[in-house]
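Here is how the chains run, residue by residue.
Protein chains: 2
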Amino acid sequence: MGGDKAPEMVIRGAEIALERLPDLRFLIFGREDEIAPLIPKNSALSKAAEIRHAPDVVSADVKPSVALRNSRDTSMRQAIEAVRDGSAAGMVSAGNTGALMALSKVVLRTVPGIDRPAIASFFPTRRGESVMLDLGANIDCDAANLVQFAIMGDVFARAVLGMPKPTIGLLNVGAEDQKGHEHIRSAAAILRATTLPLDFRGFIEGDDIGAGTVDVIVTDGFTGNVALKTAEGMAKLVTTFLRESFKSSLMARIGYVMSRTALKRLSQRVDPRRYNGAMFLGLNGIVVKSHGGTDEFGFANAIGVAADLCRQGFIDRIRDEIGNLTRELNEKKAAAI
Amino acid sequence: MGGDKAPEMVIRGAEIALERLPDLRFLIFGREDEIAPLIPKNSALSKAAEIRHAPDVVSADVKPSVALRNSRDTSMRQAIEAVRDGSAAGMVSAGNTGALMALSKVVLRTVPGIDRPAIASFFPTRRGESVMLDLGANIDCDAANLVQFAIMGDVFARAVLGMPKPTIGLLNVGAEDQKGHEHIRSAAAILRATTLPLDFRGFIEGDDIGAGTVDVIVTDGFTGNVALKTAEGMAKLVTTFLRESFKSSLMARIGYVMSRTALKRLSQRVDPRRYNGAMFLGLNGIVVKSHGGTDEFGFANAIGVAADLCRQGFIDRIRDEIGNLTRELNEKKAAAI
Chain A
1 MGGDKAPEMV IRGAEIALER LPDLRFLIFG REDEIAPLIP KNSALSKAAE IRHAPDVVSA
61 DVKPSVALRN SRDTSMRQAI EAVRDGSAAG MVSAGNTGAL MALSKVVLRT VPGIDRPAIA
121 SFFPTRRGES VMLDLGANID CDAANLVQFA IMGDVFARAV LGMPKPTIGL LNVGAEDQKG
181 HEHIRSAAAI LRATTLPLDF RGFIEGDDIG AGTVDVIVTD GFTGNVALKT AEGMAKLVTT
241 FLRESFKSSL MARIGYVMSR TALKRLSQRV DPRRYNGAMF LGLNGIVVKS HGGTDEFGFA
301 NAIGVAADLC RQGFIDRIRD EIGNLTRELN EKKAAAI
Chain B
1 MGGDKAPEMV IRGAEIALER LPDLRFLIFG REDEIAPLIP KNSALSKAAE IRHAPDVVSA
61 DVKPSVALRN SRDTSMRQAI EAVRDGSAAG MVSAGNTGAL MALSKVVLRT VPGIDRPAIA
121 SFFPTRRGES VMLDLGANID CDAANLVQFA IMGDVFARAV LGMPKPTIGL LNVGAEDQKG
181 HEHIRSAAAI LRATTLPLDF RGFIEGDDIG AGTVDVIVTD GFTGNVALKT AEGMAKLVTT
241 FLRESFKSSL MARIGYVMSR TALKRLSQRV DPRRYNGAMF LGLNGIVVKS HGGTDEFGFA
301 NAIGVAADLC RQGFIDRIRD EIGNLTRELN EKKAAAI
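From first to last, the protein sequence lines stand for chains A and B. Each residue of the first sequence is one higher than the one before, starting from 1 at the first, in our numbering. Each residue of the second sequence is one higher than the one before, starting from 1 at the first, in our numbering.
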């Protein structure tokens with residue numbers, strides 16, 4: 001029921017995802033009287049989907065604390081509970097981000113050894129794709145949080161992007177050791193000292209994001225959120241300037257027509273729908289947040305991300321790696337005493 | 001003597017700036033034997049410039065604290081002292097940013113009422129140009145710092161960009177009052193309550209930077225630095241993708257040739273040289289930092305920024321406005337007791 005054009009956009013998105021991945025099965029949570037008419041009888045989706053009626057909806061602008069109190073009969077909570085109970089392998093929502101995170105934490109809880117879950121997403125770079133986290137779940141992060149994010153990002157890049165040994169960088173204002181605030185410097189020290197099989201490359205700067213200098217960019221939720229939205233805004237600005245340039249003369253207009261296919265390729269490469277689907281990492285279950293303003297193609301991509309995470313056994317891999325980290329840190333602590 | 005291609009790039013930049021603003025006069029600090037041969041005899045520059053020999057140079061990678069200790073005979077320090085002594089109206093350097101800020105603080109000191117200077121710069125938006133500060137001088141900022149930055153940004157936008165009533169926004173992870181960390185929320189409360197003639201628009205997000213939602217973007221130095229570099233990196237990424245697209249087919253190549261003039265216009269709009277010249281605001285003197293990797297055109301723009309600040313009596317205007325703020329806050333404090 002979440003998202004600007006729900007529930008229709010969600011149903012169309014499920015149809016597209018099902019075409020791509022025919023073995024998907026859906027539990028669709030929400031108001032049955034609104035959802036049922038959107039699914040054509042005898043369609044592929046009608047065979048693959050089951051509607052679970054939920055009378056209430058978490059509204060887009062409600063505070064997480066309020067959403068939590070009144071969540072019992074909402075589609076959002078019931079979908080997360082389906083993940084907890086094992087009736088769903090993962091859930092996707094285009095609803096209220098803060099409420100989705102708060103409910104996910106309460107219902108699914110974090111993996112042992114993870115203090116706080118993080119929001120991760122991938123996006124285009126000159127070299128391919130990178131993952132960045134946290135994108136806004138945690139405004140203030142200490143060194144332990146950042147180290148846990150690095151490990152989750154590493155597992156994610158291996159599992160979902162299929163990278164054998166992803167490189168990891170901490171987002172900072174300079175590459176030198178003394179740069180940045182205390183938390184980030186301590187996190188770098190821990191990551192440099194660990195014997196875990198991480199390819200930690202130290203500090204990176206904002207322009208390294210687009211350059212694709214590392215595969216996994218680790219940052220606190222405040223900086224990550226600002227960086228992600230700044231990048232989106234800049235991509236939009238340059239394409240606006242490009243459009244205006246093509247209108248500046250007759251010659252340019254003709255040039256535009258001739259280059260249309262090539263330019264379409266460009267806009268596909270920076271299409272935010274392609275990178276739709278922010279993962280909540282660190283929970284005992286798979287939760288993917290779709291952008292609320294996306295369309296059915298964007299939503300289908302978010303479903304694809306959730307399916308990937310489920311298939312790759314992402315949660316178990318996170319549990320293993322974080323278990324290794326916790327053991328190592330405890331041993332170091334014991335040795336230091 | 002600072003910058004990747006100094007001193008030649010600096011001298012060529014001064015020539016270009018002098019063509020644009022023929023009443024400029026230069027004091028050029030550095031090694032006379034290296035600089036003098038670069039200035040043609042009887043040229044316009046030779047008439048407008050005077051070389052002041054300084055035997056030492058602050059190297060690009062030295063720590064600010066070390067630079068400070070050994071600064072006496074450096075071109076950087078002597079140029080800043082010329083501003084303090086009134087023999088120069090302002091100074092421009094493409095050298096080591098950290099050292100330049102540290103030396104400027106020691107030699108010029110901050111304007112009464114300003115706790116810390118900030119680095120500001122402007123950049124292109126959909127609506128024209130905006131100013132953002134701080135871009136990296138202060139990693140941690142409290143509410144008082146952010147409020148002072150807002151006032152400095154306001155005066156800057158009036159003085160240099162000629163905006164009668166600039167709009168001001170605080171960079172955050174959401175527009176709602178409860179978003180972000182404590183410092184930013186307190187700063188917003190002070191800016192909302194002030195009777196100073198500021199057009200404060202509350203919180204903005206990363207994508208508002210490129211959209212030009214406000215004229216002045218206020219943020220701490222960590223976030224500002226990351227956002228600026230992320231934006232630069234994204235602009236570079238999109239133009240790289242664009243170039244690759246034009247190479248993807250013969251048709252596209254022809255289209256490219258036809259649109260070349262229009263595309264040149266685009267690259268001019270996002271050319272970082274155009275926005276070269278970061279201002280150190282809050283000091284008792286004008287200091288402009290040019291990008292170290294820029295060329296003579298970029299450096300000429302940085303000189304233009306310094307000239308603008310001098311002509312508009314920027315320092316006096318900052319002193320007045322910060323004086324008004326300090327008085328207001330003191331009165332409020334007295335009334336509260």
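It cannot be assumed that every hint is accurate.
Which copy is meant is left open, because identical chains are indistinguishable; a pair holds if it fits in one copy or across any two.
To be verified - Below, in silico cross-link-like pairs of lysine-lysine (DSSO-like), each with a Cα-Cα straight-line distance of 30 Å or less:
1. Lys332 to Lys264
2. Lys333 to Lys63
3. Lys236 to Lys247
4. Lys165 to Lys264
5. Lys47 to Lys5
6. Lys179 to Lys105
7. Lys63 to Lys179
8. Lys63 to Lys47
9. Lys264 to Lys41
Read the hints as simulated data drawn from the structure, not as lab findings.
Structure-based check of each hint:
1. Lys332 to Lys264: Classified as neither: same-chain Cα gap 54 Å, cross-chain 58 Å, threshold 30 Å.
2. Lys333 to Lys63: neither (40 Å within a copy, 33 Å between copies)
3. Lys236 to Lys247: Close inside one copy (17 Å) and across copies (22 Å); limit 30 Å.
4. Lys165 to Lys264: neither (33 Å within a copy, 40 Å between copies)
5. Lys47 to Lys5: Within one copy, since 23 Å is at most 30 Å while 68 Å is not.
6. Lys179 to Lys105: Cα proximity of Lys179 and Lys105: across copies only (19 Å, versus 33 Å in one copy).
7. Lys63 to Lys179: This pair counts as between: shortest inter-copy Cα distance 11 Å, intra-copy 36 Å.
8. Lys63 to Lys47: This pair counts as neither: shortest intra-copy Cα distance 36 Å, inter-copy 67 Å.
9. Lys264 to Lys41: The answer is neither: 36 Å in one copy and 55 Å across copies each exceed 30 Å.
The structure shown violates the earlier hints numbered 1, 2, 4, 8, 9.
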